[in-house]
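A.B. asks: Using the sequences and the hints given, assemble the complete structure.
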Amino acid sequence: MEAVKSFYDTPVPARFTGMLSWLITLDHKRIGLMYLFAILFWFLLAVLLGGAIRLELMFPGENIMHADLYNSAFTLHGVIMIFLFIIPALPAVFGNFFLPIHIGADDVYFPKLNLLSWYLYMTGGVIAIVSLFSDGFPDTGWTFYVPFSISTNTNVSTAVFAAFILGFSSMLTGLNFITTIHKMRVKTMGWLQMPLFTWSLYATSWVQLLATPVIAITLVLVMVERFFNVGLFDPARGGDPILYQHLFWIYSHPAVYIMILPGMGVISEIIPVFARKSIFGYKAIVASSMAIAIAGSLVWAHHMYTSGMSDTAVFVFSLLTFVVAIPSAIKVFSWVATLYKGAIQMTPPLFLSLCFIYLFSVGGLTGLVLGAAGANIHVHDTHFVVAHFHFTMFGGTGFAFFAALHYWWPKMFGRMYDFKKAYAAAILVTAGFMLHYVPMFVLGLQGMPRRYYDYLPQYAAGNFFAGFGAMFMILGIGLMMVNLFLSFRRAQISDPDPWGGVTLEWTVPSPPPVHNFVTDPDVLDYPYDFSGVVAGAVNKSRRT
Amino acid sequence: MAPLDPSGKKMGMWLFLYTEIILFGGLFVLYAVYFARYTPDFIDGAALLDRGFGIVNTVILLVSSFFVAAGITAVRKGHTRIVLAGLWGALACGAIFLVNKYVEWGHKFENGIYPGSETLVDSPGGLNLFFGLYYVITGLHGLHILIGMSLLAVCLVLVYRRKITAQQDALLENSGLYWHLVDLIWIFIFPLFYLVV
Amino acid sequence: MEKTAHIFEYKTLALTLAGLLVMTGVTVGAACIDLGWVNVWIALTIASIKASLVLVVFMHMKFEGRALRWSFLSTVCFLAVMIGFTFWDVAFR
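Chains A, B and C, in that order, give the protein sequences. If you read the first sequence in our numbering, its first letter stands for residue 1, the second for the next number, and so on. If you read the second sequence in our numbering, its first letter stands for residue 1, the second for the next number, and so on. If you read the third sequence in our numbering, its first letter stands for residue 1, the second for the next number, and so on.
Don't take every hint at face value.
As a list, the in silico EDC-like pairs of lysine to aspartate or glutamate whose alpha-carbon atoms are at most 16 Å apart [what the hints assert, rightly or not]: (1) K183/A - D525/A; (2) K283/A - D495/A; (3) K5/A - D525/A; (4) K183/A - D5/B; (5) K277/A - D520/A; (6) K187/A - D311/A; (7) K77/B - E9/C; (8) K187/A - D5/B; (9) K62/C - E9/C.
If you are wondering where the hints come from, they were derived from the structure by calculation, not from laboratory data. Computed from a predicted model, the values in this text were never measured in an experiment.
C.D. replies: Laid out in structure tokens, this is it:
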């Protein structure tokens, strides 16, 4: 085992070394890590922006920035978090690194396309920065709603173009993954022997593939309107601005499932490993992933109850929204049932997964409040909505991202981090999170609108607590990152399977060699069969 | 490790074609809604378009698709000369299509019908939307014709260099698929713009 | 490999082209008769038949396996949902 060289020491293509061996690599593992560092950069930047917004709102009146800057700040926070962090976070980093290993393959089907996707991602990021320094960053919010996005003088075209490029990157990743899963699974692995993370990526990829072109054409139309003034959404010339919202949400609602589905996949991997127990309802989780992908594409207009669309549409989309809750709940029940009577071994990844289940459940249930047409009218466009989607997107996908980092860190880098600091960071983030977003639910119910620069005195207490919690949360995130990176000062671990996982990535050395498998790996008949791990642990304890 | 399954390349291409279908699909959503809302204006708009151009361009694209399909049959059979003829034919068709489009658009521009023109701004809303969609959809389609022609041109060069053969025809097959899709979309554009009554 | 070896003969392709051209004629002819709202549906039906011909013959869908057939149908369904569900709004406003 010692003799195996890891992929860090073996560049692909072989003739390049140093930076070039990364920048023109075709190795899915290196590309995954390049995504990781780019994404972490954007994430931390957007976290700081979010912190600045919260700091501004902590006290009434102007505190650290003026109103125009505030508008740009929340737009930038949204655009970065959505397009540069949450959408690519799990598929591009962990999907790239682990999807081929999970299915016993050597790489993705189109390695060059994979590298191209990374470059498109970076290009999109650079263009987003450029738009900052030319005419000022857009103040439209990440939704780019017409008519404001067409008439405002800020640099919407560049920002929209950045989002267009990022969409391309995401779409090509989806295309690559679907082909890989169809054509490169090791011969002995049937569809129902794939790990659940792979299944969730499969469902995600279909949504990426079919929904992303809608946002592409929508953003193109914004640019066309700005340059050629066609009037497709201009009511004065027969157009209908609400159609823009339809097109936008036809993508952007399915996009929230692009964000959450891989997160659910990560949790489905982690829970059985640390419960030492087969996942409860494997087929139900698979089916619910696909059901979420399908049903999630039918509910987009629940973002538009107050837009002036027909009451019939409000009724239909509200009804369908309740349907989407079912498959999500199936997953939550399955995870909890897996933990029941398991031989639980507490570790940082499991701890973060448990936080995920709690926070995501709160996010999901408050989503039902918003999905119900009557309640929605009351809290539409208030802080309640902001709190809700942060519970699902950050409490959900964000925590799944943290959990995945902690779970796969030893495999990706061959180092183990300090558990105590990891727990401390996780507790700090979670506690700060609650203190940050729970007051925002209350503020929303009291009627404080989102995206407002200033507020009435009665909202002062809630905003103060939210800002206070945000600071704790940012501290916690900082501690978590520091702790992870401090692991590089520790000794290399030799155990390929520090957690006792049974999916294929734990059968190869940490970090993996450049060719993942020397021979076709043995595939378990059932992907979460822990009988071998449990028997091994018993033997080990007998010997000592 | 097992060798790569070659059919994956074709699958990847099909997946890409799906994204193209949905890309145009977004525009067809707009078309459907505005057509339902402004049917009389759309009929007036269609009457202003030259049906002859539409018919000729439809025939040209159908023939070009036949050329490409015949080229793929020929490459499998090893009939290199027919492959070359097919690709040249398809490229010629594409070029004629674009010239026609240029003349047609130019004619409209001369009559003051273009996005944001005074004629359109002063005309009823439905007419403005009809021509707005006409320019956006046929413009995007024209762009796809250009991309498709570039792909076919690359294939042509590779056939001359004997890089595309009966054993190794994935690129030609995929370019062919792309070209057919562009034709497929035109099959719907044609009646929706030229034949509204 | 065997599956991809399936090809159509030149004659089949030529007949398909002929069919497509005839249907183009039919759809132009149909547009000369004013039938009100029925016209659109006739035009779209003919266009769908033409598209299917291109798909099955020119694009070799006839030889493809389940994965591509079903995924193509899903794409078309998604497109139909995009257009159809928007009408929950615009048709009842």
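A.B. asks: None of the hints should be skipped; say for each whether it holds.
C.D. replies: So, going through the hints one by one against the coordinates:
1. This hinted pair does not check out: K183/A and D525/A have alpha carbons roughly 20 Å apart, beyond 16 Å.
2. At most 16 Å may separate the alpha-carbon atoms for a hinted pair to count; K283/A and D495/A exceed this at roughly 31 Å.
3. Restraint check: the Cα-Cα separation between K5/A and D525/A comes to about 30 Å, which exceeds 16 Å; the hinted pair is violated.
4. The straight-line distance between the Cα atoms of K183/A and D5/B is roughly 6 Å, inside the 16 Å bound, and the hint therefore holds.
5. Pair hint K277/A plus D520/A does not hold up; C-alpha atoms about 26 Å apart against a cutoff of 16 Å.
6. A C-alpha spacing of about 52 Å is found between K187/A and D311/A, which places the hinted pair above 16 Å, so the restraint is violated.
7. With a C-alpha separation of about 10 Å, the suggested pairing of K77/B with E9/C holds against the 16 Å cut-off.
8. For the suggested pair K187/A and D5/B, the alpha carbons sit about 11 Å apart, so the restraint of at most 16 Å is met.
9. At most 16 Å may separate the alpha-carbon atoms for a hinted pair to count; K62/C and E9/C meet this at roughly 14 Å.
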